[in-house]
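Engineer: Sequence:
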Amino acid sequence: MQIFLKHLVKELTQLERIGLQYTPISSSNCVDQTIRVFVIVATCDRPATSLIINHTEAGGYYGCIHCENIKIGGDNARVFVQNDNDDFELRSNDTYDEAVALLQRSSSEERRNSITSINDGLDGLRGPCELRTLKYFDVYQSFLSDTLHTLYEGVMARMLHIFFDSVSRKTGITP
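In the working numbering, each number is its position in the sequence shown, counted from 1, plus 127.
If you're looking for bench data, these hints aren't it; they were derived computationally from the structure.
Computed from a predicted structure; not experimentally measured.
Where is the CB? At the ideal position from N, CA and C, for every residue including glycine.
Be careful, since some hints might not be right.
[Unchecked claim] Pairwise CB distance ranges (calculated): (1) Gly146 - Ala175: 27 to 35 Å; (2) Thr260 - Phe291: 42 to 50 Å; (3) Leu217 - Gln141: 27 to 35 Å; (4) Gly187 - Gly281: 35 to 43 Å; (5) Pro174 - Arg259: 16 to 24 Å; (6) Thr140 - Glu280: 34 to 42 Å.
Could you build all of it, start to finish, from the sequences and the hints given here?
Structural biologist: Put into structure tokens, the structure is as follows:
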């Protein structure tokens with residue numbers, strides 16, 4: 128994914144620095160104007176966001192891309208609960224840069240003994256993200272909420288449960 132993004136980010140960086148030149152139709156003396164383009168937000172579904180950021184999937188141990196909470200619960204369920212008493216840090220470009228520096232340092236200098244030592248301090252990050260080079264793009268906070276996997280999946284599952292849980296003998300549907 129990062130190889131694909133590398134070429135896209137190269138073009139976006141040129142739009143930030145150089146911009147686009149155009150001549151407005153209303154311009155009587157044909158003076159060119161320059162417009163610069165900055166990417167400030169992105170939207171995609173949750174699995175694609177994890178791929179783009181190069182981060183653990185949403186169901187992973189540090190799967191929340193907005194905070195550094197770890198999972199609560201057992202078995203196959205992972206829940207990221209925020210208590211009023213808990214202090215937790217929101218992810219940002221600064222926390223991302225720290226994790227990338229640790230990742231680069233540990234891969235080049237240190238010999239890691241176990242899988243847990245590889246993940247210590249990375250908090251779900253698997254590698255660098257090409258979008259970090261964009262001027263106003265925050266790797267974690269610039270992704271908009273994914274309504275498909277956060278809202279509709281839960282609402283639709285609940286509605287289907289309500290409609291089809293106890294089938295009516297007369298009509299074949301639930302109230």
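Engineer: Of the hints given before, which are not true for this structure?
Structural biologist: 4
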